[in-house]
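Asks: One letter stands for each residue in the lines below.
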Amino acid sequence: MELFRYATSVYGDREIIGGSFDLIQYFVAAGVAVILVHAIFKWVMPSHNNIAH
Amino acid sequence: MSSLAASGRVERHKLVDRIYHWVMAVSILVLMATAFLPILGWKFEWLAIHWITGLVLTAVVVFHIVRSLFFQRVMNMVPDGRDITHPMAPPGKYSIAQKLYHAAVAVLILCAIGSGLLMLRHIDTPFWKRNPYWFSDHGWGVIYSLHDFAAMALITMVMIHIYFAIRPDEWRLTRSMFRGWMTRAEYADHHDPARWKPSKD
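For the record, the sequence lines run as chains A and B.
Note that the first sequence covers residues 1 to 53 in the numbering used here.
Note that the second sequence covers residues 54 to 254 in the numbering used here.
The shape of chain B in the complex, shown without the other chains (with noise of 0.2 Å):
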């Protein structure tokens, strides 16, 4: 028997991925007070901040992406039959509401990276030299514009995730994403354990 599982906790994340999700978290913030400040008027250096944290979040989200699809089961994060007849039962390792919220995140965020990435081209750096005549000024303004409406809806995505974070009744999901563990009581209010086995994740 495991040392959680002998004092009464059931492991929901581990360290690995609690040290993704805080990666991820503080890397979102730095790209976000880097793209909006400038624009709301506080004028500082961003632009290198802001690409090299881009690189940082690119090398966690396909880190994550890797460890999801051949360390993990990926079906926990995936709306399934009973997520639809039944949104309101206890669900597996997640609710249907944080399975849609990941699937809208994890667009937004692919779609910033996807176009950053190309959006580098556009700038010099200590390794490359920019090169604008990659795409029509269309299409960059395409590209610019898919960056833009991510990196936008991307602050209400976060605003509704910190609102949920500090919720009291959403507190064991939060401090799981600290500690690693939820009581085993919060397992058995929370969760169909016929849809969510901890020690098989």
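So here's chain A without its partners, still in its complex pose (with noise of 0.2 Å):
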């Protein structure tokens, strides 16, 4: 997995031209991630639905 997207320059150096749009179902994972773990705890725990009781 490339962290950047690379492209070769006229001088034919290898350039860096952004970052790798293959990440993007990473940032999607880490979306899901927190949502399940917040709705799970919110279930686990339901005394802590409101924080001020």
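To be clear, the hints were calculated from the coordinates, so they are not data collected in a lab.
For each residue, glycine too, the CB sits at the ideal point set by N, CA and C.
Check the hints yourself; a few may be wrong.
[Claimed, not checked] Negatives, chain A to chain B, calculated, CB over 10 Å:
#	residue
1	L23
2	I40
3	F41
4	V44
5	M45
[Claimed, not checked] Straight-line alpha carbon distances no greater than 30 Å define the calculated DSSO-like cross-link-like pairs of lysine-lysine that follow:
#	chain 1	residue 1	chain 2	residue 2
6	B	K67	B	K152
7	B	K250	A	K42
8	B	K152	B	K250
9	B	K146	B	K67
10	B	K96	B	K182
11	B	K146	B	K250
12	A	K42	B	K146
13	B	K250	B	K67
14	B	K152	A	K42
Two chains, two frames, some hints: make the complex.
Replies: Printed below as a string of structure tokens:
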């Protein structure tokens, strides 16, 4: 898995041209993970639904 | 006594702030759609929509920064000592989680806007011709990378934001972003009046 996208310049050098869009799936997975962890926590610990009480 | 107070409601977001929020929300969603749908295979003329929407986002973010700094209590959104020592206690206007989320989104959006404004020099528009020699190839690569990583991280943040917005136990906050108010009972249940006095917002 690459972190960046690369291209070859007119001088033959390998240059970074941006972030790798293969990483999109990992950012989506991170969002799903946060949501699942929070939802499970709220489901298991319903007394924490209202932090003021 | 204001009509809101008379009706037992507490003002949380003024109309101008709600308009800002929703213009920003639509802008972000349009920017994400025009950025990522072509990558996922949906081919359409996305570039003009993207940079024009980016300028709209830039304008409303500048408006928000000025309004926050000079016309609102900016400290409402800054973590304070009590947020650290008593993170589960009733918060002021915003909880520590909301403040940290806002800080993270602010960094990502400012990064996307800053890099995006520089990237405008890389494209032709009705107002200027492209000048790819502003930076070296490596410099442009770094700018594009910052833009790409900020945009991808915003996917995570938008997912989390929408999740909390539709949770039933957070519905009072979502409603307040539509209607502007929360009930006095919700205010008493979820906020520390010593840390947030709505009339002094």
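Asks: Confirm or reject each hint.
Replies: Verification of the hints:
1. With a cut of 10 Å on Cβ distances, A/L23 falls inside the contact zone with chain B, its closest approach being about 6 Å.
2. The beta carbon of A/I40 is kept farther than 10 Å from every beta carbon of chain B, the shortest such distance being approximately 13 Å.
3. Against the 10 Å criterion, A/F41 stays outside the reach of chain B, whose nearest CB is about 12 Å from its own CB.
4. The Cβ of A/V44 sits about 15 Å from the closest Cβ of chain B, beyond the 10 Å cut-off, so the non-interface label holds.
5. Every CB of chain B is more than 10 Å from the CB of A/M45 (nearest about 12 Å), matching its label as outside the interface.
6. About 19 Å separates the Cα atoms of B/K67 and B/K152, which keeps this hinted pair within 30 Å; it holds.
7. At roughly 29 Å between alpha-carbon atoms, B/K250 and A/K42 fall within 30 Å of each other, so this suggested pair holds.
8. The suggested pairing of B/K152 with B/K250 holds, with an alpha-carbon distance near 17 Å, which does not exceed 30 Å.
9. For the hint pairing B/K146 with B/K67, the CA-to-CA distance comes to about 14 Å; that is within 30 Å, so the pair holds.
10. Note on B/K96 and B/K182: the hinted pairing holds, with a Cα-Cα distance of about 25 Å set against a maximum of 30 Å.
11. About 8 Å separates the Cα atoms of B/K146 and B/K250, which keeps this hinted pair within 30 Å; it holds.
12. For the hint pairing A/K42 with B/K146, the CA-to-CA distance comes to about 22 Å; that is within 30 Å, so the pair holds.
13. Restraint check for B/K250 and B/K67: the C-alpha separation of about 14 Å stays at or below 30 Å, so the hint holds.
14. Proposed proximity of B/K152 and A/K42 is supported: the alpha carbons are some 20 Å apart, at most 30 Å.
Hint compliance for this structure: hint 1 alone is broken.
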